[in-house]
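One-letter residues, chain by chain:
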Amino acid sequence: MIYAIGLLVLSLSWMLPWWGFAAICFLLGHKMKSAFGAFAKAFVAVFCVWGIVAYIENIQSQGFMAIKMSSMFSIPHPMLMILLTALVGGLLGGVWCASGFYLHQLLLMRKQKRA
Amino acid sequence: MSKTWKTLVAYNLCLFTAVILTVGLGNSFSSLPALGPLLSPFTGFWRNSPVRGKDVEKFDWSSLSAPVTVVWDKHSVPHVFGKTLQDVYQVQGFLHARDRLFQMELSTRPAFGRLSEMLGPKLEKYDRFFIKMGMRRSVEKTYEMVMADPEVRAAVESYTEGANRYIRSLSASRYPVEYKLLGQSPELWTAKKSVGLLKVMTFRLAGRSYDLMVTKHLQKLGRKKAMSLFPGKFPARWFAGYEAGRGYQKPEFRGSSTDEFTASFQMFPEYLQPFATNGSNNWAVSGRVTRDGQTYIANDTHLKYSTPNVWYEQQLVATDDNVNIYGAAFAGAPGLEIGIQPEFGWAVTNGNTDVADWFEVEFESESSLRYLWNGDWKTAEKVDEEFLVKGGSSESVELLYTEAGLVMAREGKLGLALRWMPHEGSNEFRAFLELVRSKDRKDCEKAIKHLWSPSQNVICADTENVAIYHAGRVPIRPSGDGQFVKNGRVSDTQWKGFVPFENIPKKVDPKQGYVFSANAPVASDKYPYFVTWDYNPPYRALRISEVLDKNAKDASIESFKALQTDDLDLSARETLPLMLELLGKEPLADQVVALKAWDHRTGAKSSEASLFFAWRSLFRRALFEPVLGPREGNLYPKNMIVTQILEAISKGSRHPALWILGESPKDKVKELLRDSLEQALAQLTDQYGDPKNWAWGEVQGTQIDHLIKLGPFGGDLTSMGGSVDSVNANGGNHGPSWRHIARLGEDFEVHVNYPGGQPGNPFDPDYRAFVKGWAEGSYREVNFYRGLEQALESLAPTEEVK
Chain P
1 MIYAIGLLVL SLSWMLPWWG FAAICFLLGH KMKSAFGAFA KAFVAVFCVW
51 GIVAYIENIQ SQGFMAIKMS SMFSIPHPML MILLTALVGG LLGGVWCASG
101 FYLHQLLLMR KQKRA
Chain F
1001 MSKTWKTLVA YNLCLFTAVI LTVGLGNSFS SLPALGPLLS PFTGFWRNSP
1051 VRGKDVEKFD WSSLSAPVTV VWDKHSVPHV FGKTLQDVYQ VQGFLHARDR
1101 LFQMELSTRP AFGRLSEMLG PKLEKYDRFF IKMGMRRSVE KTYEMVMADP
1151 EVRAAVESYT EGANRYIRSL SASRYPVEYK LLGQSPELWT AKKSVGLLKV
1201 MTFRLAGRSY DLMVTKHLQK LGRKKAMSLF PGKFPARWFA GYEAGRGYQK
1251 PEFRGSSTDE FTASFQMFPE YLQPFATNGS NNWAVSGRVT RDGQTYIAND
1301 THLKYSTPNV WYEQQLVATD DNVNIYGAAF AGAPGLEIGI QPEFGWAVTN
1351 GNTDVADWFE VEFESESSLR YLWNGDWKTA EKVDEEFLVK GGSSESVELL
1401 YTEAGLVMAR EGKLGLALRW MPHEGSNEFR AFLELVRSKD RKDCEKAIKH
1451 LWSPSQNVIC ADTENVAIYH AGRVPIRPSG DGQFVKNGRV SDTQWKGFVP
1501 FENIPKKVDP KQGYVFSANA PVASDKYPYF VTWDYNPPYR ALRISEVLDK
1551 NAKDASIESF KALQTDDLDL SARETLPLML ELLGKEPLAD QVVALKAWDH
1601 RTGAKSSEAS LFFAWRSLFR RALFEPVLGP REGNLYPKNM IVTQILEAIS
1651 KGSRHPALWI LGESPKDKVK ELLRDSLEQA LAQLTDQYGD PKNWAWGEVQ
1701 GTQIDHLIKL GPFGGDLTSM GGSVDSVNAN GGNHGPSWRH IARLGEDFEV
1751 HVNYPGGQPG NPFDPDYRAF VKGWAEGSYR EVNFYRGLEQ ALESLAPTEE
1801 VK
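Heads up: the protein sequence lines correspond to chains P and F, in order. When you line the first sequence up against this note's numbering, it's residues 1 to 115, in that order. When you line the second sequence up against this note's numbering, it's residues 1001 to 1802, in that order.
Read the hints as simulated data drawn from the structure, not as lab findings. Quick reminder that beta carbons are idealized off the backbone N, C-alpha and C, glycines included. Wrong hints could be hidden among the right ones.
[Stated by the list, open to error] To spell it out: a stretch of chain P is covered by chain F in this simulated footprint if at least three of its residues, at any positions, have a beta carbon under 8 Å from a beta carbon of chain F; those stretches are:
1. 5-18
2. 50-59
3. 74-80
4. 86-97
5. 102-110
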């Protein structure tokens, strides 16, 4: 599942608005088995995708992006800029995925009740 | 049941958190940009990694008459090879937009009063000011002239087409990072924006006006005393560089100081001054006098430092138009503002012509639009101009047009009108586009007839001839010197046309073989027209003249480099001995003893320079503040007046400004000198400790900020020598923003040195590539290619050619 999220986020985010990955996580939350699992898997997947893409892009600029942006935000080390990016992505992905999971549970319960 | 509830609560909590986080990160708060889209590696700043273009790019758009090839050298300088100039300008627009889009847009916005729309309410006062002083109308008038001139129109429109080709191709994720930080998107370029950019430059170079300040002093001190501190006439030896006064036709009207009008207006509006030390140096030595028979030409422009640099370096080649030229362009305009080619080159410095005058008008009543004009009532034209402020509000500025000018302020029945020459429009593009096509001194002279404002001292140099022209329109003032607010109730005081081009100050092929300028006075008393009272001090010009007097014959790239980076301060050389002499023989601190032996060079390590400048600045304040009140800047009265006052006291001669020292000037000056010296020593010790640490480079501090001061996108403090009155006119945040030296002829060479880099992307490793070399004073020889083949060969010299 981590791979599925990661791959979808990686392949679709280029064309989506910045919050597109959150929608993906929300949708995939429906396929998750537990709330914690949903959060953790999405977190890890998005954390890795955002972190790795940022890292690679940073290399393209010979490191100047992380250096200058970390300095702009008063972050003590350039690499922390990548970490912050990954954390923000991971966190958002995680909560949206968990939301998706809960919504799925609620829908299931309603279905069971009707049945 | 309870499980459902639990899930529902958990769902809501989770969703709530997710929504809050997403909305929070998706919006900007006060000055903080929206972090979500900014941090996303798919949309945010991580997508702004520099794109290294190919070494050779070929453009074959349908809008071009023939394909255009761009060869990039290793300094990221583009060499554009096309068939026609129009094609070349189109690609130039594309390249400028790709490398400098944010700068382009930012630099044209003031012309339209559209800064706060982009940057927020803090900039509102600038928008108000620029609209109020008539920028929009100046743009409109010029735009009309551009559109009516087929060649210029074609060039500007082609340039615009090229710029928009790039802007249209840009996806949001590739917007320059400044736009992302501001949460904005770039607009399409227009021909009018190019015009606006030129008007902003015109304001920076010809927008200065201290007439209101001196009128304030006139009201308080009376004419005689005010004129003694702000004289409109200067000693003959300051007129270095021109032969003003000889061979000019007698004009119909002649400026005189007989205008005895004193304005009653009291609450003068704040006038936002451009940098008063915006200026430049240029000089050229003719091949007729140099040992190697070649003509040499040099130019350095002094503008506010910024990253990216104001200049964009490039070579433009149009085979059908027989043009091959190298130089510096403004990102946002077609052509070049400084250009050089093997047979010909031009170089510019600001001419300082006073083109802004103020008139007091009288209205019928406080709120009336009817005003007095030659004894009759006329109605002012009222126009409300709107502008937007970021965050949504729309503001409006009221413009009032009268025969005397644009009313900038009202007070009771009175109004204060500004007449700024650019209000009437002008077509500088034609001058610069013709300069690009010029082949010799004569073509150049023809081209600069179209340069109306800002006035420039233009050097035209070809392989044999050198000449300098004070190009630009000089208003003919029937009375007064345009120094004080004039009577705007009558037409007698209004400008009576402009000095004909044949009568502008100039020097063509002088016997000594060289010409030069450095924003110093160009016209002596003998010149029949008034040019300005507000020149820059003559010290740079005098230094250039003293060096060229000695070694013009030995002109070389090296000797010109030495002169461009020369840090000898003539204002110090003339003033310091007087200050020391008048200080008297009191027991002196070691540092003051050291000052006596100082060579007046303002190198980065000089502690003497630090002490001198601190001392003089405090002395100036002590001298003028009791009379003039708190300083408006550190510029007026000019430092020349300080020197003259000291000189008069030392010689026991007379000077009209001695009254400021009271009954016994000699004792008073001694006291002021002693006190200010003590203060200067204390200040420096306080701030820097031991005199060993008073290095001028550190004390002055040189900083090159980002365009909108985004900290890390600018530069750290650099230690550098130079001073505003040295040829190396480094003034900390302002100074030589471009330097070039060229040898014309068969051994054509161009060497440049400037604080910048070509790409405008702050993440590009070359963003500030040349800053270090600039600070060290080391030049780079540019690659000038005779043709496309040579350019291509230079890229791959070791590759096998089949």
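For the region 74-80 of chain P, does the count of residues with a C-beta closer than 8 Å to a C-beta of chain F reach 3?
violated (count 0)
Are there three or more residues in the region 102-110 of chain P whose C-beta lies within less than 8 Å of some C-beta in chain F?
holds (count 5)
Under a C-beta cut-off of less than 8 Å, do 3 or more residues of the region 86-97 of chain P approach chain F closely enough to confirm the stated coverage?
Answer holds; 6 residues pass the 8 Å Cβ test.
Please check whether the region 50-59 of chain P has three or more residues whose CB lies within less than 8 Å of a CB on chain F.
holds (count 5)
Counting residues of the region 5-18 of chain P that have a beta-carbon nearer than 8 Å to any beta-carbon of chain F, does the count reach 3?
holds (count 5)
When each numbered hint is compared with the structure, a violation occurs for hint 3 only.
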